[in-house]
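Colleague: Below are the chains, spelled out letter by letter.
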Amino acid sequence: MIDPKVLERHGLTPDEYDRIVAFMGREPNLTELGIFSVMWSEHCSYKSSRVHLKTLPTRGPQVLQGPGENAGAVDIGDGLAAVFKIESHNHPSFIEPYQGAATGVGGIIRDIFTMGARPIALLNSLRFGSLDATATRRILEGVVAGIAGYGNSIGIPTVGGEIGFEPSYAGNPLVNVFCLGISKASDIIKGVASGAGNAVYYVGAKTGRDGIHGATMASAEFDEKSAEKRPAVQVGDPFMEKLLLEACLEVMRTDALVGIQDMGAAGLTCSTTEMGSRGGAGVEIDVANVPQREAGMTPYEIMLSESQERMLLVVKRGREAEVERIFDKWDLHASHIGEVTTDGMLRVREHGKLVAEIPNRALTDEAPVYHRPMAEPEYLSDVRGLDLDGLRRDARLRDDNGALLALLGSPAIGSKHWVYRQYDHMVRTNTINMPGMGAGVVRIKDTDRALAMSVDGNGRYCYLNPKRGAMLAVAEAARNVACAGARPLAATNCLNFGNPERPSIMWQFAQAVEGIGEACRALDTPITGGNVSLYNETDGKAIYPTPVIGVVGLLEHAERVVSRTFKAAGDAIVLFGEGFGELGGSEYLKVAYGLLQGEPPSLDLPAERALQDLVRQLADARLLRSAHDCSDGGLAVALAECAFDTGGIGAEASIDAVSVSRDSEINRAAALFGESPSRVVVSVAPDAVTDVLNRANVAGVPARVIGRTGGQELRIAVGGHTAITIAVSEAERAWSNAIEHYFAKRVA
Amino acid sequence: MKFGIVVFPGSNCDHDAYHASKHVLGQDAEFLWHKDTDLKGADALILPGGFSYGDYLRTGAIARFSPIMPAVQAFAAKGGPVLGICNGFQILLEAGLIPGAMLRNRTVKFICAHVHIRVEQTDTPFTSSARKGQVLRIPIAHGEGNYFATPDVLAKLEANRQVIFRYTTAQGDVTDESNPNGSIAGIAGLCNEGRNVVGMMPHPERASESALGSADGRVILESVVQSLKTGVLVARA
Numbered sequence: 001m002i003d004p005k006v007l008e009r010h011g012l013t014p015d016e017y018d019r020i021v022a023f024m025g026r027e028p029n030l031t032e033l034g035i036f037s038v039m040w041s042e043h044c045s046y047k048s049s050r051v052h053l054k055t056l057p058t059r060g061p062q063v064l065q066g067p068g069e070n071a072g073a074v075d076i077g078d079g080l081a082a083v084f085k086i087e088s089h090n091h092p093s094f095i096e097p098y099q100g101a102a103t104g105v106g107g108i109i110r111d112i113f114t115m116g117a118r119p120i121a122l123l124n125s126l127r128f129g130s131l132d133a134t135a136t137r138r139i140l141e142g143v144v145a146g147i148a149g150y151g152n153s154i155g156i157p158t159v160g161g162e163i164g165f166e167p168s169y170a171g172n173p174l175v176n177v178f179c180l181g182i183s184k185a186s187d188i189i190k191g192v193a194s195g196a197g198n199a200v201y202y203v204g205a206k207t208g209r210d211g212i213h214g215a216t217m218a219s220a221e222f223d224e225k226s227a228e229k230r231p232a233v234q235v236g237d238p239f240m241e242k243l244l245l246e247a248c249l250e251v252m253r254t255d256a257l258v259g260i261q262d263m264g265a266a267g268l269t270c271s272t273t274e275m276g277s278r279g280g281a282g283v284e285i286d287v288a289n290v291p292q293r294e295a296g297m298t299p300y301e302i303m304l305s306e307s308q309e310r311m312l313l314v315v316k317r318g319r320e321a322e323v324e325r326i327f328d329k330w331d332l333h334a335s336h337i338g339e340v341t342t343d344g345m346l347r348v349r350e351h352g353k354l355v356a357e358i359p360n361r362a363l364t365d366e367a368p369v370y371h372r373p374m375a376e377p378e379y380l381s382d383v384r385g386l387d388l389d390g391l392r393r394d395a396r397l398r399d400d401n402g403a404l405l406a407l408l409g410s411p412a413i414g415s416k417h418w419v420y421r422q423y424d425h426m427v428r429t430n431t432i433n434m435p436g437m438g439a440g441v442v443r444i445k446d447t448d449r450a451l452a453m454s455v456d457g458n459g460r461y462c463y464l465n466p467k468r469g470a471m472l473a474v475a476e477a478a479r480n481v482a483c484a485g486a487r488p489l490a491a492t493n494c495l496n497f498g499n500p501e502r503p504s505i506m507w508q509f510a511q512a513v514e515g516i517g518e519a520c521r522a523l524d525t526p527i528t529g530g531n532v533s534l535y536n537e538t539d540g541k542a543i544y545p546t547p548v549i550g551v552v553g554l555l556e557h558a559e560r561v562v563s564r565t566f567k568a569a570g571d572a573i574v575l576f577g578e579g580f581g582e583l584g585g586s587e588y589l590k591v592a593y594g595l596l597q598g599e600p601p602s603l604d605l606p607a608e609r610a611l612q613d614l615v616r617q618l619a620d621a622r623l624l625r626s627a628h629d630c631s632d633g634g635l636a637v638a639l640a641e642c643a644f645d646t647g648g649i650g651a652e653a654s655i656d657a658v659s660v661s662r663d664s665e666i667n668r669a670a671a672l673f674g675e676s677p678s679r680v681v682v683s684v685a686p687d688a689v690t691d692v693l694n695r696a697n698v699a700g701v702p703a704r705v706i707g708r709t710g711g712q713e714l715r716i717a718v719g720g721h722t723a724i725t726i727a728v729s730e731a732e733r734a735w736s737n738a739i740e741h742y743f744a745k746r747v748a
Numbered sequence: 001m002k003f004g005i006v007v008f009p010g011s012n013c014d015h016d017a018y019h020a021s022k023h024v025l026g027q028d029a030e031f032l033w034h035k036d037t038d039l040k041g042a043d044a045l046i047l048p049g050g051f052s053y054g055d056y057l058r059t060g061a062i063a064r065f066s067p068i069m070p071a072v073q074a075f076a077a078k079g080g081p082v083l084g085i086c087n088g089f090q091i092l093l094e095a096g097l098i099p100g101a102m103l104r105n106r107t108v109k110f111i112c113a114h115v116h117i118r119v120e121q122t123d124t125p126f127t128s129s130a131r132k133g134q135v136l137r138i139p140i141a142h143g144e145g146n147y148f149a150t151p152d153v154l155a156k157l158e159a160n161r162q163v164i165f166r167y168t169t170a171q172g173d174v175t176d177e178s179n180p181n182g183s184i185a186g187i188a189g190l191c192n193e194g195r196n197v198v199g200m201m202p203h204p205e206r207a208s209e210s211a212l213g214s215a216d217g218r219v220i221l222e223s224v225v226q227s228l229k230t231g232v233l234v235a236r237a
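Chains as they are written, first to last, in the numbering used here: chain A, 1 to 748; chain B, 1 to 237.
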C-alpha cells in the first residue's frame with residue numbers, strides 16, 4: 001500500500017508520485033516504487049542541477065568522451081586516452097569515515113576501469129571541521145585510513161590532493177576522490193546494452209542488504225538521527241575489486257563485450273536501466289540468479305542494494321564461455337542473470353514471475369528536471385564589505401615573522417605529509433612528482449609523455465562570491481598543472497553544495513557553474529564529467545559552497561617535469577604576474593583576525609591563460625629549476641614553500657609594496673600575504689634569466705627578478721624595508737608540524 | 001638471465017618488478033601465475049609486493065598455500081636465488097623460508113616514504129655488487145613491516161650474519177628515529193641460512209631509476225645478474 005508515509009521514506013514528493021502513475025498508467029508496486037525512488041533521486045537524476053550543468057563547455061578536439069558515460073576521456077597522443085573523473089562520497093564518510101571513504105575510492109576506480117582503462121593514479125580533495133575538535137580528528141583519521149586502505153591494497157598510487165579545514169564542514173565532511181586511467185583511444189568501452197538476446201552477466205561480490213537507499217540518503221540533509229543510517233553505508237573489499245579490475249581488463253581485451261557498467265549508486269537498478277537506455281534497448285533480469293549474501297532477500301532489496309565491487313556486463317552471443325573462463329581464472333564467478341531485449345523496458349523477474357516492469361525512458365530521460373527558484377543569500381551583504389583600516393590584529397601576529405609562522409603552521413597551508421605518507425604514492429613506479437611537490441605527475445611508460453593532475457577548490461572564496469570562487473578554483477587547478485610543465489587539457493568537477501530546495505543554495509550553485517563555465521572556456525579545459533553532491537547540510541546548516549575542480553594536463557617530455565622546490569643556491573627568483581594586495585577571503589584574514597570577509601581576489605582570465613602558457617613553454621625549454629604558484633597565504637608563503645624540502649636552501653627577495661589601507665602594517669601584510677592569483681614564483685639558473693625575461697615580455701606576462709636563492713634564511717623585504725627574516729629550519733618546522741602536532745600523542 | 005615474477009591474486013608490484021628487471025636492467029623476465037607449478041626456466045625468482053589475498057587473514061598467510069609455492073620452495077632448496085619484496089618478504093616468513101614474523105608498524109599506520117638502509121652483508125646474490133656498509137635510499141610502503149623474532153632466533157640470525165639490511169640515518173647510523181616501523185634491531189631485510197633467499201621490506205624496484213627519485217635500489221637486482229654470471233654465491237637451480 002503506497003501512502004504518503006511510504007513516499008516520504010522513499011524521498012519522493014506527491015507530485016513525483018503522480019508523474020510515476022501517469023507514466024505507468026497504473027499504480028506502481030513497491031519494488032517499482034523503490035526503483036523509481038533511486039533513479040529519480042537527486043544523486044542519480046541530477047534533477048536540480050541538470051539545467052545548469054547543460055551550460056558547461058564539454059567539447060574540444062582533445063575530448064574523446066564528454067559527460068554522460070562512466071567517465072570522461074581525452075586524447076593524449078600516441079593513440080592513447082586519459083580517462084578520468086571525480087566523485088564525492090561525503091554523506092557515507094560522515095556516518096562511517098573509514099568505509100565511507102574507502103568505498104568512495106572503490107567506486108571511482110570502477111568508473112575508470114569500466115571504460116576499459118587501467119587506473120594509474122588517484123587524487124583526493126577533502127574538507128573537515130576544525131582540527132581542534134576531537135570529532136574532526138576522528139573523522140580525518142578514519143577517512144585517510146579508508147582511502148589508504150583501499151587505494152594501497154588495490155595498488156593504485158594516490159599522487160596528490162588537497163585538504164581544507166573550516167568549521168562549516170564539521171558536520172558534513174567532504175570526501176571527493178579523483179581517478180585517472182590510461183587506455184588505447186580506440187579501445188574505450190561504453191556502458192551500453194544492445195543486441196537482442198545478448199546475455200547479461202553479473203560478476204563480483206554477492207548482493208547483500210548493505211547500502212539500500214544509499215542514493216536516497218545522499219539526497220537528504222543530515223540531522224541528529226543520521227548516525228542511525230549506518231546500515232546504508234557499504235563495506236569495501238579492495239581485494240575483490242583488484243580481482244575484478246584485472247579480470248575485467250582481461251575480458252575487455254577479447255572483444256567479447258558489448259558493454260559494461262559498475263554497480264555504484266542505486267546498484268543493479270541503475271546499471272540495468274542506464275545500459276539499456278544508452279543502447280536504446282531493454283534489459284530483462286531474474287533476481288533469483290543474482291548471487292546473494294543472505295537468504296530471503298526480496299526483489300526490492302536486490303534491486304536497491306548498493307553492495308560494492310559488482311559489475312554488470314553484456315556479452316556478445318556465442319562468446320559466453322570465453323568470458324566465463326577468464327573470470328574463473330581470477331576465482332570470480334560470472335552469473336548469467338538476464339538478456340538484452342528490444343522493447344526498451346526494464347523487466348525484473350523472480351523465478352520467472354514478473355515483479356517489476358518499467359520503461360527505461362521513464363527512469364532516465366523522463367526523470368523530473370527542476371528549475372528551482374534562486375535568490376541571492378542574505379548573508380552576502382554582511383560579509384562582502386571589508387574595512388582594512390579598522391582591523392585589530394592579534395598581538396602575537398603584530399610582527400611579520402609571527403604572522404608567517406602562524407600561516408605556515410595552519411593546517412590549511414602546512415605540510416600534508418602526515419596524510420600522504422599513509423597513501424602508497426609510488427606503486428606502479430610512474431610517480432615523477434610526489435605529493436607535496438605541486439601537481440601529481442605520472443609518466444606513461446613506453447612513451448616520452450607524462451600526465452599532470454591537480455584538484456583544487458576554495459570554499460571560503462565561494463562563500464563570499466560563488467562565481468568568482470569557482471573561476472579561481474579552475475584557474476588554480478590549471479595553474480598547478482602548468483607549473484609542473486604540462487598543458488592543461490580538460491577538467492572534471494565535483495560540486496558540493498547544500499540543500500537545492502533553498503533558493504539561496506540554488507543561487508550559489510548556479511553562480512558557481514557559471515564561473516566554472518567561463519573559466520573552462522577561457523583556459524580551454526572543457527568539462528568531461530563529474531559529480532554533484534547536494535544536501536550537504538546538518539541541522540539546517542549548509543557547508544560553504546565547494547566546487548572542486550580536477551584538471552589533467554599533458555607533458556610531451558616526462559623528464560622536463562618541474563617541481564615546487566628550489567634546486568640550488570645562487571639561482572635567480574623570478575615572479576610572474578602582479579600582486580594587488582588582495583586580502584578578501586584570505587587565509588591571512590582568517591588566521592590573524594578570525595575573519596571571513598571581503599571579495600575574493602579578482603581574476604583576469606586572459607592574463608591567467610598567458611601566464612600558464614608561458615610557464616609551460618619555459619618548462620619545455622628547460623629554463624625553469626622550480627615553479628610554484630601563489631595561492632593560500634600569498635607570495636611570502638609561496639617563497640617559503642619553495643625553500644622547504646630542499647635541505648635548507650634559503651632565499652632573499654624584495655617585493656613591491658601595496659597600498660590598500662591607511663595602516664602600514666596592513667599594507668605590508670597585504671603585500672606579503674595577499675592572495676592575488678595568476679602569480680608564479682620560479683627559480684632560474686643565472687645564465688637563463690635574460691632569456692626568461694625576454695620570453696615573458698613577448699608573452700605579455702609581467703615578470704621581474706625579485707631575489708636570489710641561497711643562505712639558510714628566508715629574508716623578504718617589502719618596498720625596500722625588511723619585513724621577514726627567519727631561519728628556513730624554523731619556518732619548515734612550523735609547516736611540517738601543522739597537522740602532525742594534532743596527532744603527536746598518538747605517534748610512538 | 002631470466003627473472004620469474006610470481007603473481008598472486010592481489011600482487012600489485014608485479015609489474016614494477018617486471019619493469020625494473022626487463023626494461024631497466026635489460027634482462028629477460030616472465031610472470032609466473034600462482035596457480036602454475038612450472039617456473040618456466042627462471043634463473044631468479046621475485047615474490048613482489050602487494051596485498052596477496054587482500055592480506056585479510058594475516059599478511060602472506062594465504063599466499064604461502066598457492067600451488068606455485070612448492071616449486072618456489074624446491075627452487076630455494078636447490079640454492080636458486082629468491083627475493084621477496086614487502087608482501088613477498090611477508091610470504092617468505094609465512095612459508096618458513098626465513099624465520100620471524102611481521103607486526104603492525106609501531107605508528108599503527110601505513111607508511112610510504114623514502115628511508116635509508118645499510119647493506120650489512122654482501123655475500124648474498126642480492127647484495128654482491130654492493131659495498132658493505134653502503135647506505136641506500138629506498139622507499140618503503142607497508143602497514144606491517146615491524147619485524148619481530150624471539151631473542152634466541154634473533155641471536156642466531158645475528159650470529160649467522162643473516163641480517164642483510166638495517167634502517168639507518170642517511171649517514172648509516174642505526175637510531176630509533178631512523179627506524180620507521182619499530183623493527184627489532186632495525187632489521188629491514190634478512191636472508192635464509194643458505195643465503196640464497198633474501199626478504200626485504202623496502203622496494204628496490206621503486207628506486208631503480210633517477211626519474212623516480214632514487215636509483216639506489218638498482219644494485220640489488222644488478223647483484224643477482226652478476227652473481228648468476230660469475231656463478232659465485234648462487235646455484236643454477
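In short, the hints are calculated from the structure, not lab data.
Idealized CB from N, CA, C, for every residue including glycine.
Be a bit skeptical, because a hint or two may be false.
[To be verified] Each pair of labels, with its calculated beta carbon distance range:
no., chain 1, residue 1, chain 2, residue 2, range
1, B, K40, A, E320, 52 to 62 Å
2, B, G26, A, H557, 46 to 56 Å
3, B, F148, A, P702, 53 to 63 Å
4, B, T169, A, G710, 18 to 28 Å
5, B, G26, A, G296, 57 to 67 Å
6, B, V174, A, E730, 20 to 30 Å
Colleague: For each hint, tell me whether it holds in the structure or not.
Modeller: Verification of the supplied hints:
no. : hint                           : result
1   : B:K40 with A:E320: 52 to 62 Å  : violated, 31 Å
2   : B:G26 with A:H557: 46 to 56 Å  : violated, 23 Å
3   : B:F148 with A:P702: 53 to 63 Å : holds, 60 Å
4   : B:T169 with A:G710: 18 to 28 Å : holds, 26 Å
5   : B:G26 with A:G296: 57 to 67 Å  : holds, 60 Å
6   : B:V174 with A:E730: 20 to 30 Å : holds, 29 Å
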